[in-house]
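**Q** Here's the letter readout for the chains.
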Amino acid sequence: MSAILEMLQTAAEMGLIEGLTVLALFLSYSMLGVCDLSTDGCFTLGAVVGAVVALAGHPWLSILAAMLAGISSGFVTAFLQTRMGINSLLAGIIVNTALYSVNIAILGGSSLINLNKADTVFSFFRSVLGENGKSYAVLLVALIAVALATAFLVLFLKTRLGLAVRATGNNADMVKSSSINPIFTTTVGLCVSNAFTALSGCLLAQSQKGANINIGSGLVTVALASLLIGGTFIRRGGLLVKALGVVLGSIIFRLVYSLALSLDMPAYMLKAVSSIIVILAISLPYLKEKFPEFRRKIEHSPLGKKLKHKGDTNDA
Amino acid sequence: MLDLKNISKTFGKGTVNVHQVFGGLSLHIEKGDFVSIIGANGAGKSTLFNVIAGSIIPDEGLVELDGDDITMLPEHVRAKTIGRLFQDPMRGSAPGLSIEENLALAAGRGGWFSHITRADRKAFRDRLAMLDMGLEDRMNQPVGLLSGGQRQALTLMMATFNPPKLLLLDEHTAALDPATADKVMAITDKTVKENGLTCLMITHNMTTALEFGNRTLMMDRGRIIFDTCGEERSKLTVPDLLDKFRENAGKNLDNDRMLLS
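Chains as they are written, first to last, in the working numbering: chain A, 17 to 332; chain B, 106 to 366.
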């Protein structure tokens with residue numbers, strides 16, 4: 017029983033912490049209409065910046081530093097796609113690649129960092145919660161972070177600036193007609209979303225007491241899978257409901273993953289599974305729409321006519 | 106009011122597809138004018154609007170609005186004083202945002218971090234009621250659920266929420282069914298008159314061109330070949346316009362949509 021509870025708790029912790037990245041994609045992918053492929057690198061950036069600052073003895077400052085690093089990364093991605101004529105997907109990939117070097121440089125040439133002895137946000141909450149409650153420290157911090165991030169995001173998206181960001185993904189022409197520069201709104205949207213991604217990485221590194229250079233690799237697909245799972249569970253409702261829905265998607269993803277692990281699925285299958293989820297979630301609606309046309313083509317082909325003919329004679 | 110001075114624009118310079126749209130076009134519009142513009146396919150009507158609105162920067166020449174040189178001003182900055190509607194009713198509003206949210210962006214009240222207030226909602230409601238389309242009771246619905254006519258009427262309201270110095274209408278009723286087109290045109294006329302707007306309207310409907318406004322321009326191959334207002338215009342009929350075109354352009358008017366209407 018306790019093993020199951022433990023599994024549920026771990027899934028919830030991971031789901032909530034990565035839920036911040038899913039919220040970031042909720043903003044960039046669902047609202048702004050930009051598939052931000054710098055997510056992996058930015059997540060790692062948040063992890064290493066947070067870890068280095070925490071190791072230097074500033075656990076609270078580490079969160080701020082990680083988010084600022086994320087904002088900078090988002091700014092560069094936005095600058096490349098809005099001012100330099102680089103396709104938005106390519107801009108994300110370029111920044112992601114560059115961040116690999118940047119992240120190792122931040123770690124001083126090393127590819128991993130150990131936080132066993134450092135004070136972190138989590139060690140602070142562990143000492144506050146005391147001997148009985150300390151095992152819930154990660155869950156508590158993750159909950160607080162997700163609650164704050166969700167509240168901020170929902171309030172932000174209802175401001176005039178937030179409306180403009182949402183409209184940019186919807187109809188950039190209309191944003192221009194409203195005397196707002198879509199370049200500005202794209203930049204703001206990517207800065208905010210990357211701040212969330214970096215925060216997510218920072219918290220994961222500190223909760224695991226360390227980070228390596230691959231901590232974020234493949235995360236964009238995992239987060240996209242969570243986002244799309246959340247979208248299938250929560251189809252309607254206001255922004256708050258939708259935002260909570262995508263965090264729920266992240267937790268469900270982690271639960272299913274833990275379940276699969278306990279059924280002896282090897283851990284390295286995580287990324288393949290998340291890729292398949294993303295493929296299914298995006299292409300099923302497309303295939304569903306195309307199906308009548310496909311059926312017509314089959315019926316029209318020589319083979320289809322043959323089969324149909326056979327069916328007719330059988331009926332007779 | 107609006108002055109275009111010696112505008113030149115050539116697309117695809119240095120390629121086999123080089124195409125000069127304007128070679129020194131000049132145009133003066135008086136404050137309060139409501140000008141209808143007709144012309145053949147490819148006459149440069151929409152390009153003219155693109156130059157005025159800032160979607161295209163001319164190779165040469167000046168665009169002046171109220172005495173200010175706006176030739177190099179970016180599109181979104183010009184949008185503060187120039188409202189624009191397109192033929193495609195989907196182009197003027199954000200489908201994923203509610204009616205209220207679209208209006209809030211168009212109204213542009215408050216700072217970046219302001220929320221929609223109760224006073225805003227009341228103002229939006231009153232304005233929507235004037236359209237007489239029942240939209241005032243659907244303010245929280247996404248705009249994507251509206252019909253083409255409703256969206257175009259909403260776009261018109263958004264473009265004129267803060268009365269612009271200049272309103273550009275680019276065949277804004279062409280994609281609507283005839284009854285809806287008439288309704289949107291009536292709302293347009295009312296809005297322009299009530300706010301005393303200066304307005305340029307491209308239309309393929311010659312009757313509309315003569316019925317609304319106080320001046321009519323006829324364009325062909327980047328030039329204004331006929332310009333009429335006042336008494337002369339009030340006596341013109343659609344056949345007269347076709348004759349004028351043949352006379353001035355040396356060919357029959359070949360706007361495919363125009364022949365059908």
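Rather than coming from a laboratory, the hints here were simulated on the basis of the structure.
Glycine is no exception: its CB is placed at the ideal position from the N, C-alpha and C atoms.
One or more of the hints may lead you astray.
Claimed, not checked - Mimicking DSS-like on lysine-lysine, the simulated pairs with C-alpha atoms at most 27 Å apart in a straight line are:
#1 B/Lys295 / B/Lys185
#2 A/Lys174 / B/Lys227
#3 A/Lys258 / A/Lys324
#4 B/Lys185 / B/Lys136
#5 B/Lys136 / A/Lys174
#6 A/Lys174 / A/Lys150
To be verified - Pulled from the structure, derived: some chain A residues nowhere near chain B, Cβ distances all over 10 Å:
#7 Gly101
#8 Ser126
#9 Lys133
#10 Asp135
#11 Lys150
#12 Leu177
#13 Leu179
#14 Ala183
#15 Asn187
#16 Ile196
#17 Asn197
#18 Gly247
**Q** Could you run down the list of hints and mark each one as holding or not?
**A** Here is what the structure says about each hint:
1. B/Lys295 / B/Lys185: 21 Å, holds
2. A/Lys174 / B/Lys227: 18 Å, holds
3. A/Lys258 / A/Lys324: 46 Å, violated
4. B/Lys185 / B/Lys136: 17 Å, holds
5. B/Lys136 / A/Lys174: 38 Å, violated
6. A/Lys174 / A/Lys150: Violated - the C-alpha atoms of A/Lys150 and A/Lys174 are around 37 Å apart, more than 27 Å.
7. Gly101: Its Cβ never comes within 10 Å of chain B, the nearest being 16 Å, so this holds.
8. Ser126: 41 Å, holds
9. Lys133: Check passes; 41 Å lies beyond 10 Å.
10. Asp135: Its Cβ never comes within 10 Å of chain B, the nearest being 34 Å, so this holds.
11. Lys150: 39 Å, holds
12. Leu177: Given a closest Cβ separation of 4 Å, the condition is violated.
13. Leu179: 5 Å, violated
14. Ala183: 4 Å, violated
15. Asn187: Incorrect as stated: the minimum Cβ-Cβ distance to chain B is 5 Å, not above 10 Å.
16. Ile196: 6 Å, violated
17. Asn197: 5 Å, violated
18. Gly247: 14 Å, holds
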